[in-house]
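Asker: Sequence:
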Amino acid sequence: MNDRHSESRANDLSGGALDDLLDAIVGEYADQQASGSTPKHRTFLERVPAEARPGLERCLKMIDAGMANAPGASTPLAAGATFGRYRLMREVGRGGMAIVWLARDTELERAVALKILRPGLALEKRHVDRFRREALAIAKLQHPHIVRIYDVGSERGYHFLAMEYVEGPSLAHVLDALPEKHDWTADTLARATGIPAVARPRETYEAAIARLLAPVADALSAAHAHGLVHRDVKPSNILMRSDGTAVVADFGLAKGDDDPALSMTGDTLGTPYYMSPEQAWLSAIEVDHRTDVYSLGVTLFEALTGERPFDGGSVLEVFEKIKTTLAPSVRSREARASRDAAAVASKAMARLPEDRYESAAAFEADLVALAESRTTRARQDRGNVLQRAWTQLRFFCSGQPFEYRSKAKLFGLPLVHLVAGRRYPGQPMRVAKGWFAMGDVAVGVVAMGGLAAGGIVMGGMCAGAVTMGGISLALLLSFGGIAVGGLASFGGISTAYLACGGLAFGYAAIGGYARGVWATGGNVGGTHTWTDENPGGLTEQEFWDALVTDVASKLGF
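In this note's numbering, the protein residues as written are 687 to 1243.
One should not assume that every hint holds.
Claimed, not checked - Heads up, simulated SDA-like pairs for lysine to any residue below, C-alpha to C-alpha not over 25 Å straight-line:
| # | residue 1 | residue 2 |
| --- | --- | --- |
| 1 | K1240 | T1225 |
| 2 | K1119 | G1107 |
| 3 | K1240 | E1219 |
Everything labelled a hint here was simulated from the structure, so no lab data went into it.
Computed from a prediction, not measured in an experiment: that's the story for all the values here.
Let the hints inform the model, and build the full structure from the sequences given.
Answerer: Structure representation (structure tokens):
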């Protein structure tokens, strides 16, 4: 099959469908090898898109070398299949690394969630190790709000974890079920979960969400006390029990593994929308427990507003925003949110770890205060408008990558768009467009930047109505090393109707070397000139009076 056909096939395969295809191919290959035949790699590789072939070929070579065993295609995952004491009932979820089935423990007669590592990934020890590490990580934690692990094992080439089966939905499903109109109440949340116990009498939606997430922060605090960092906190990893309490699941990315965790299709494990800035830098910055604080803050933001703080058309675009953009305020997305809720989310999502809550326990304390309608520590620390402005100014001047784009727009442009701080190696110049814009390249009514264009402009190279810069082009006034202005310019080299500079050219020119109809300075030339050495028939007063009168008449004054 040629690459064009492969690309067409790739367009028809979603990530989940491609994973399923790869698993099936690995099983077929293992079956053929087990039967004594010598299957050809090419036959199997041609069945998948070009970008998936390197990973698949690596798996096939490992089977050839006897380095790995794969479950055969004759034992597929299906309802009724058994794995030792467990019998599969129905699939309840899947991700890039594993498939989760509701299963029955036939010995203890109870329902369990059987998390089964994808067959293709099971061929590589690093994936099996990560999978088992989840069991070991949770086994250390006896906490009521962390999903319990019952068993870990392997059967017929499949590696599995038997876990507590949580009956209710994930928080991700709950947020998706909320109505688009944001007049949410605690009862709205209860209806979205299908669990009446989630709501309490006369409780606000904000308080209900804070009460729901406070035990999650407590669970993370317990994990951190054991030296474990979850690193993948997000709504889909927060599950709801039938009594309305939340539990944390999926410790598969617990800290201690620097492996980027690629699946057979090359997808990164984890969801980029909830990653902290230090995670988005892909190990360039050390990750500690405060990355979980950040991710839970993003979850709180989404629960309160119905939106994620950072979105984009690709993983790289999302990473870029997380790394360089300050998180918006909750109140900029949801005006009915309280100032305390906005302060709590902002503190949890601070770009610098040292500006966040120092611990998940401190975060939990503020969530409890929010649930009980008490003033939060985050709001007390935030201070008044001047203190917040000073905090933002200090960060703006710190040299850290920074971007701010106001939500308010006029004629399609943000009222304010600021980009500042250092660029990382290889990053192109950053463009700021807004009514007030500042950046490497800035376009706006008031613009400041290395390259700037607009009404009132300052920059290395700038063009606009009034400009100030190294090279400055203006319709009215320009100031710069090289200044070109429609009405007046001032600079080392200056040209305009009225030009003042070391070298000045214009209708009226003043400079060390000046040329114009009216010219005065060190070395001058023109129709009307005046210097100390060569007055040109006019006194200094007569020259300036005549120049002003002529220019004023030309301008219609």
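Asker: Now, for every hint given, state plainly whether the structure supports it.
Answerer: Status of the hints after comparison with the structure:
no.	hint	result
1	K1240 - T1225	22 Å, holds
2	K1119 - G1107	17 Å, holds
3	K1240 - E1219	29 Å, violated
In terms of the numbered hints stated before, the structure departs from hint 3 and from no other.
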